[in-house]
Amino acid sequence: MASITTAVAAGRGVAVRRRRYMDRKSLVPLLIFLPPSLILFTVFVVLPMVDAGTFSFFQWNGYGPITNFVGFENYADVINHRNFGTAVRNSLIVVAVSLLIQLPLAMWCAIALSERSVSINILRTIFFLPFMLAEVAAGLIWKFVYDGNYGLLPIIGDALGTKMPFVLADKFWVIPAIMLVITWKYFGFHMMIFIAGLQSIPNEVVEAARLDGVKKWQIVRHIKIPMIRSAIVVSVFFAITGALQLFDIIIPLTNGGPSHSSHTIVTFLYQFGILRMKLGFGGAVSVLLFIACVIVALAYRRILFRVEQN
Amino acid sequence: MKRIALAAMLGLMALAPVQAQTVVKYLNIASIPDEVKLMTEAVAEYEAANPGVKVELPFLENEAFKAKLTTLLQSADAPDVFHSWGGGVFYEQAKAGVLRPIEGVLSQEAKDAQGTAGVAAFTAPDGHIYGIARDVAEVVLWYNKALFTQAGVDPESLKTWDGFLAAVQKFKDAGITPLAMGGKDKWPAHFWWSKLVVRLAGQDGFNAAARGEGDGFAGEDFVKAGQFFLQLAQLDPWQEGFQAATYGDASGYFGDGKAAMHLMGDWDYGAMKDNSATKQGIPDDQLGILPFPTIDGGKGDPTDTLGGLSGYLFSKNASDDAVKFIEWYNAKPVQSRFANAGYYIPIVNGAADGMTNPFKVLVAQDINKAHWHALFFDQALGPAVGGVVNDVSADLAANAISAEDAALQVKEAVDDAAN
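Those protein sequences? They're chains A and B, same order as listed.
Each step along the first sequence adds one to the number in full-length UniProt numbering, with nothing skipped, and position 258 is 258.
Each step along the second sequence adds one to the number in full-length UniProt numbering, with nothing skipped, and position 361 is 361.
Note that these hints are calculated values from the structure, not bench results.
All C-beta atoms in this analysis are idealised placements derived from N, C-alpha and C, irrespective of residue type, glycine included.
Watch out, some of these pointers could steer you wrong.
[What the hints assert, rightly or not] Capping the alpha-carbon separation at 20 Å, the derived lysine-lysine pairs in PhoX-like fashion look like this:
#: 1; chain 1: A; residue 1: Lys-163; chain 2: B; residue 2: Lys-316
#: 2; chain 1: B; residue 1: Lys-224; chain 2: B; residue 2: Lys-68
#: 3; chain 1: B; residue 1: Lys-258; chain 2: A; residue 2: Lys-163
#: 4; chain 1: B; residue 1: Lys-68; chain 2: B; residue 2: Lys-159
[Claimed, not checked] Heads up, incomplete: computed chain A residues facing chain B, CB under 7 Å, no partners named:
#: 5; residue: Lys-25
#: 6; residue: Tyr-63
#: 7; residue: Gly-148
#: 8; residue: Ala-169
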């Protein structure tokens, strides 16, 4: 017994020593590789965040020193703003559409297109193309598509013998129209993540199930989807945070209109904070958005953790 | 290592003569290609005559310009000279110390040539002169004569507000879009509200409200302006989908002969052609300018005009060369070229004399005899209040807000900005 204990202890000593050695060995790469990203992250992410947080307690128009401390007044102004509610509602709609329409569509395409062949590769590229397009360019393209005077939609309407509405000028249609663009733009990205996941599933597993007579749908439901769980987890996370930060597609499409009905939280921030030169107000919006994103991230981790435990 | 350093130093020394050149960056918003061509030609002339100076002409589109300027002026990349509409935004910039006072460099000649109105427009409340006036602009009611004939509307009948509303209805009945409107950009809508305020409240009323006196912008005249605007909006006078149309879209729509009228600045003469499908726009003999309808009981003077008095401002680090260049550029010989081509109406004495474009001549006369030349409200009131004016105007055009609520929102913005 005693000898075993000693042996274990000795073994432990070796492990500890080895770890120390590893630490020293990894210190050099650490010192070389960490600073660039740490500095970039600090300068372009952390400091601006701290700045925005500071601005949010001041009234400031962007020029000169920041002196006019107003406490939580900017936060009160944001929450009482007549268009803030619409902006939050729209952002939540984007989250819902991303999760309930975009991701299932991406999954369906991924499963259909996960085999390798030339025609499938072409289709995959076509679906991925919108994601590679710059957001502003995509917005401008769709502005043209939707344009009721010179666009594509009235041409389609004429062909069908009906008159299409001016969707971007209509308080009701503008939201579905934007959702269509968002889905079109980003589903290819999620599809690619899912395809990568699907291709990592060992062929033998699927083969074996097939030999056992498992139906196609059941293979998807019980083998493929569970096996790309981690890809789905990543996708859902990107979909939520991306939806909360949606900005560049809205500006060229509608600029938040008509009558402020299509603002998201970030276009609201830009319109009423930056363009009005009320940077304190803008700072308050960004802090609220940041808190929302952090809550989502933490809650998501917790939920996942709990699911994993089960 | 030493050798490399030495080589580098020698290299720098070789470059030195090039760097001794002063660079003058003039950030502008000119987007019509032929106008830009005139600008580059003028710059080439100046550079040839002044070998020590290099003039660059960075460009930003109107909306992007407004959004980026604040940051740009406080960065190392600040332009030496930039376009300005004067008013509240200019006062903010002067107060923040991002501008250079130029009274020490500015020649008496250049000062005199702008006239008192020009100098006053670029003098901040602190008494310093920070810029040079370039041009005047007026918002007018452009109309398409062919469509008036087609609908049987007599332009004379639009002299009063009631006559104007009747004409709008007549166009509707004839199946012609009465008015073009770029609702997405919002500022085109604020011309309507501003024009009504100019008519109803007049100079004294507007200035008192801007200072926050009495009921401010929630006062009777301003509510009335909203009500008149709504009277018009309820006739559904704009082109379909106007809320998604930019200024450029609306300008092209009018230029294509699809709308009978367009309330827009005199610059639309060129823009309307440039934005039209054919690039030709409405031919001169089919195009006309109507005075904005008068309103019974309005406190404004019938000669009052709304528009701009814009120019150039100098940023904090601008060199004397920058001022000298603009003095040269803004003098009659260069400015008369822009006047003759019809791009804008130069303020500099005599530069507009050779103008042959009948519309521009008419506008210049209007402004000359105006009792009050009101600056664009969204610029005069500064970005925070001006933004709200644009918002409520767009909402009024869409019949999406009450006149009382609109007036109250503007008043609140004034109170808020005063804090």
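Hints and how they fare:
1. About 55 Å separates the Cα atoms of Lys-163/A and Lys-316/B, which puts this hinted pair outside 20 Å; it is violated.
2. Distance check on the hinted pair: Lys-224/B and Lys-68/B sit about 35 Å apart at the alpha-carbon level, beyond 20 Å; violated.
3. Our distance criterion of 20 Å between C-alpha atoms is met by Lys-258/B and Lys-163/A, whose separation comes to about 18 Å.
4. Only pairs whose Cα atoms come within 20 Å are accepted, and Lys-68/B paired with Lys-159/B is rejected, the gap being roughly 41 Å.
5. The beta carbon of Lys-25/A is not positioned within 7 Å of any beta carbon in chain B (closest approach about 31 Å), and the interface hint is therefore violated.
6. Using the Cβ-Cβ criterion of 7 Å, the hint placing Tyr-63/A at the interface with chain B is satisfied: the shortest such distance is roughly 3 Å.
7. Given hint, Gly-148/A at the interface with chain B, holds; its Cβ is 4 Å from that chain's nearest Cβ, closer than 7 Å.
8. The criterion of a C-beta within 7 Å of any C-beta in chain B is met by Ala-169/A, whose closest approach is roughly 4 Å, and the hint holds.
In this structure, the earlier hints numbered 1, 2, 4, 5 are contradicted, and the remaining ones agree with it.
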